[in-house]
Amino acid sequence: MFQWLLVILGWASVAIFAVVSTYKIVQWARMPLALRQEVYPVPRGPRERRRYGGSYMEEPGWARKPPEGANLLAELTEMGIEILFFQRVREHNVYRIWLFSVAMHWGTYLLLVWAGLLVVEHALGGLIPVAALAILTNIAGVAAFVLGAFGALGLVVRRAINSELRLYTAPVDYFNLLFMAAVFGFGILSWFADPAFASHRAYVGGVLSLTPAAIPYLTGLCFLLFELFLIYMPFSKLLHYFAKYFTIHLTLWEDGFKVKGSPLDQKIGEQLSYRVTWAGPHVVAGKTWLEEAQIAAVPEGEKK
Amino acid sequence: MKTLTRLAEIASLSDDPLSPVVVDDLLALPGLAQPPLAPPKARWLETYDFSLDGFSDFDVPKPTTPEEQERLVTGFLSGLEKLFDPANNWPFVRNLRLAMDYCVRCQTCSEACHVYLGSGRQEIYRPTFRSEILRRLYQRYLTTGGKLLGPFLGADIELNFKTVWRLLELSYRCNLCRRCTMTCPVGVDNALIAREIRKLFSQELGLAPPELLKKGTRQQLQVGSSTGMNPAGLKNTLEFIEDLIGEKTGKTIHIPLDKKGADILLIHNAGEFLSWPENPAAFAILFDAAGIDWTLSSEQLGYDAVCYGLWFDDVELARIALRHVTLAKELGVNRIVVGECGHAHKALCVVADRLLPGDLSLSEMPRESCLPLLWEIVQSGRIRFDPARNDFPITLHDPCNVVRLMGIVRPQREVIRAVCAQPLREMTPQGVENYCCGGGGGFAIMNTLNFPQWRNNVSLRVKVRQILEAFEDVLDADTDKCVIAPCSNCKGTIREAIQHYGLEERYRLHYTGLADLMVNAMAELPGPYLEWNPVD
Numbered sequence: 000m001f002q003w004l005l006v007i008l009g010w011a012s013v014a015i016f017a018v019v020s021t022y023k024i025v026q027w028a029r030m031p032l033a034l035r036q037e038v039y040p041v042p043r044g045p046r047e048r049r050r051y052g053g054s055y056m057e058e059p060g061w062a063r064k065p066p067e068g069a070n071l072l073a074e075l076t077e078m079g080i081e082i083l084f085f086q087r088v089r090e091h092n093v094y095r096i097w098l099f100s101v102a103m104h105w106g107t108y109l110l111l112v113w114a115g116l117l118v119v120e121h122a123l124g125g126l127i128p129v130a131a132l133a134i135l136t137n138i139a140g141v142a143a144f145v146l147g148a149f150g151a152l153g154l155v156v157r158r159a160i161n162s163e164l165r166l167y168t169a170p171v172d173y174f175n176l177l178f179m180a181a182v183f184g185f186g187i188l189s190w191f192a193d194p195a196f197a198s199h200r201a202y203v204g205g206v207l208s209l210t211p212a213a214i215p216y217l218t219g220l221c222f223l224l225f226e227l228f229l230i231y232m233p234f235s236k237l238l239h240y241f242a243k244y245f246t247i248h249l250t251l252w253e254d255g256f257k258v259k260g261s262p263l264d265q266k267i268g269e270q271l272s273y274r275v276t277w278a279g280p281h282v283v284a285g286k287t288w289l290e291e292a293q294i295a296a297v298p299e300g301e302k303k
Numbered sequence: 000m001k002t003l004t005r006l007a008e009i010a011s012l013s014d015d016p017l018s019p020v021v022v023d024d025l026l027a028l029p030g031l032a033q034p035p036l037a038p039p040k041a042r043w044l045e046t047y048d049f050s051l052d053g054f055s056d057f058d059v060p061k062p063t064t065p066e067e068q069e070r071l072v073t074g075f076l077s078g079l080e081k082l083f084d085p086a087n088n089w090p091f092v093r094n095l096r097l098a099m100d101y102c103v104r105c106q107t108c109s110e111a112c113h114v115y116l117g118s119g120r121q122e123i124y125r126p127t128f129r130s131e132i133l134r135r136l137y138q139r140y141l142t143t144g145g146k147l148l149g150p151f152l153g154a155d156i157e158l159n160f161k162t163v164w165r166l167l168e169l170s171y172r173c174n175l176c177r178r179c180t181m182t183c184p185v186g187v188d189n190a191l192i193a194r195e196i197r198k199l200f201s202q203e204l205g206l207a208p209p210e211l212l213k214k215g216t217r218q219q220l221q222v223g224s225s226t227g228m229n230p231a232g233l234k235n236t237l238e239f240i241e242d243l244i245g246e247k248t249g250k251t252i253h254i255p256l257d258k259k260g261a262d263i264l265l266i267h268n269a270g271e272f273l274s275w276p277e278n279p280a281a282f283a284i285l286f287d288a289a290g291i292d293w294t295l296s297s298e299q300l301g302y303d304a305v306c307y308g309l310w311f312d313d314v315e316l317a318r319i320a321l322r323h324v325t326l327a328k329e330l331g332v333n334r335i336v337v338g339e340c341g342h343a344h345k346a347l348c349v350v351a352d353r354l355l356p357g358d359l360s361l362s363e364m365p366r367e368s369c370l371p372l373l374w375e376i377v378q379s380g381r382i383r384f385d386p387a388r389n390d391f392p393i394t395l396h397d398p399c400n401v402v403r404l405m406g407i408v409r410p411q412r413e414v415i416r417a418v419c420a421q422p423l424r425e426m427t428p429q430g431v432e433n434y435c436c437g438g439g440g441g442f443a444i445m446n447t448l449n450f451p452q453w454r455n456n457v458s459l460r461v462k463v464r465q466i467l468e469a470f471e472d473v474l475d476a477d478t479d480k481c482v483i484a485p486c487s488n489c490k491g492t493i494r495e496a497i498q499h500y501g502l503e504e505r506y507r508l509h510y511t512g513l514a515d516l517m518v519n520a521m522a523e524l525p526g527p528y529l530e531w532n533p534v535d
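Heads up: the protein sequence lines correspond to chains V and Y, in order.
Reminder that position 187 of the first sequence reads as 186 in numbering that gives the first Met the number 0, one-by-one numbering, no gaps.
Reminder that position 438 of the second sequence reads as 437 in numbering that gives the first Met the number 0, one-by-one numbering, no gaps.
Think of the hints as simulated: they come from the structure by calculation, not from any bench.
The beta carbon of each residue, even a glycine, is placed where N, CA and C say it ideally should be.
Among the hints, erroneous ones may be present.
What the hints assert, rightly or not - Calculated cross-link-like contacts (lysine-lysine; reagent style DSSO-like; alpha-carbon spacing at most 27 Å):
1) Y/K258 with Y/K328
2) Y/K247 with Y/K234
3) Y/K40 with Y/K61
4) Y/K259 with Y/K328
5) Y/K146 with V/K64
6) V/K64 with V/K286
7) V/K259 with Y/K328
8) Y/K213 with Y/K40
9) V/K236 with Y/K146
10) Y/K146 with V/K286
11) Y/K259 with V/K259
12) Y/K1 with Y/K40
13) V/K266 with Y/K258
14) Y/K81 with V/K236
15) V/K64 with Y/K258
16) Y/K40 with Y/K214
17) V/K286 with Y/K213
18) Y/K258 with V/K259
19) Y/K234 with Y/K258
20) V/K23 with Y/K40
21) Y/K81 with V/K266
22) V/K286 with Y/K214
23) V/K23 with Y/K1
24) Y/K247 with Y/K258
25) Y/K328 with V/K286
26) Y/K214 with Y/K61
27) Y/K213 with Y/K61
28) Y/K259 with V/K64
To be verified - Here are the in silico distance ranges between beta carbons for each label pair:
29) Y/Q421 with V/L177: 30 to 36 Å
30) Y/G30 with V/K266: 53 to 59 Å
31) Y/L31 with V/L98: 55 to 61 Å
32) Y/T46 with V/R50: 33 to 39 Å
33) Y/T46 with V/L98: 50 to 56 Å
34) V/G68 with Y/L256: 36 to 42 Å
35) Y/R505 with V/Q26: 56 to 62 Å
36) V/R63 with Y/G501: 47 to 53 Å
37) Y/L76 with V/L177: 30 to 36 Å
38) Y/G144 with V/L75: 50 to 56 Å
39) Y/E413 with V/R63: 18 to 24 Å
40) Y/T2 with V/L98: 25 to 31 Å
Work out the full structure: start from the sequences and follow the hints.
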């Protein structure tokens, strides 16, 4: 029964993660377009200009030229460096969390790589020799568990012992970190019990072929926690990596100006027709944003 | 000794300051002694609320009856709901929701904040302090998760009239410089969250510093300028400026007004006309000498670029920007050029773009900074500059709205290199990483009750240290030295700093705008344009 539950959970956790994450992303994408609020440096334009944080607005007559548009390569490079090395935390955080933060995030990345490789091994088992791949899988798994556990526990300790960090840490923050520590910790224990990850391979094979395999208790717990974590993640702030696309790419790096008749202009036109119900004495509630903007003095009679 | 203020203390019912400014904790300024801070006047304490840190700009009587207190809390909750409503807050709702839900509370942003550093790292000035209070209130009152699992999520802040009032005050302890935003690994914008709190209070309750709303945007929309100057007053002022140009340069220049079809409509911060008329005069001299086809506007609002809504109110921001751009269209100019006013740059050239209908888009009526144009004038060779006329140590302040928030970094540096004899002494840090002057977000003009004391001792402190460090090797009473601040509000703040800390008497430290500096180097002029008071 427990083995069947794990098989079902294996599929369900991935599905729930994908569906809820997608739902949230679609919800964010459907929310109104914000005002331009870029902060330089923005990874667009020539390399030299990016280096010192310059923009196209340094040139007179820029609005008569075509908008520059995004520089996908520069954005991905900038974001990639941040995702891999946590530059901002390393340079600016004074609470000595960088090492733990990098370790925990790398643990998470490698955990996903490990799980992915287990799937690949099973899927391609008959097609390619998997011995070399298996070594890679095992290394990824061990590194994921060790780094992740070290990072998550380190962050729990930092938050608990530093009086300033503690002020801002809610119980849910400890829960998230301890949950992650448990996922990685049981990964380590299951690896101790099965250093070659044979039972882990058996479990993944069983999930993919819908034939539950008999696996040790610790391996089962390792996957159970991992799958519960996958289900929990999109409901928590741990989903921040997707949010960054909206807060950074679409806001802090979005510096294109509006051209009349463009899709952007049409979208803004639509938003300017939303109605305002703010109650401040200078606001005339019930007007659209555009009508509101056209009001200078607010006659008493119009105030609702 | 730093106070470790807990978030929940925001709800304390005491009238005593939650976290008073402690002189001994303030960031040390080399060579300058810090005098004690005066407590609020006794009669103020009876009427107004100083319960955040002992300072306030709000001359609004504190709510005393249960009904008044309840009204404040109810109004706040109503505004909070609207802040997260897509129709009422489309300009920022997505980012606000994401910031509320996905901040990982890592505190990476703290050290980027000059207010936090200047105060000696007092907890209440940390960029996340006010955001975290807003987050916890949002979770507790507007989310299902928060209602069910409040304490577990940290949604444990009690909402009473003191919480509301202190949050209002807290929103005016951030300069909105967004330096913290640069450092956030998740892209959370704590400065704009401070602005969202300001918006809530202004748009729902009509609560904003008097200089920003009543004497600011309201006066500008009704009279024509936040200075109170009407079109007739402008015309008198321009006559005075034409005389000033004649006296200082021997030139007869007629400042073009309401010239239809000119290439450029130049809009200054009207404060320049009153406080620093040499600056609009300098523009007139440069534009005249360079043969630029330009005009000023005498229409209401057309001669005052300020757009204080940028700091606290989207409705007022849209109203003023719409009027500015409409005026330019009516005049038939090719483009608007914004004078040396940082927040007007950001409002007109960037933020307002998405608050205006298609016909007023940037593609239809370009709005540009004056700084690239000034560099273009230098490059054109139409004016001969003699750098020897600017032979004194110079440092450059980077107005946040122009530099970090618009990416205009180089033109002003190129101009300085071209018109000055000595190498530019960059501040540390400089460019997009430079610190706010301490007057951003409205602080430069907020002078009610004892707020100026807070500004002068806390928010502009880091800038003072930067300036002193830039002139470290010439910090004497013999050498004239100058801070270039191409922004009216920054200039006003630096003037305040110089006066407050006695830097002119002590170090012969002066300040000016970029156009003034250029005119001072014009070879054709009979004498210097910059006039510094002789030091006894």
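(message) Under the constraints set out in the numbered hints, which ones does this structure not fulfil?
(response) Hint check: 5, 6, 10, 13, 20, 23, 29, 31, 32, 38 fail, others pass.
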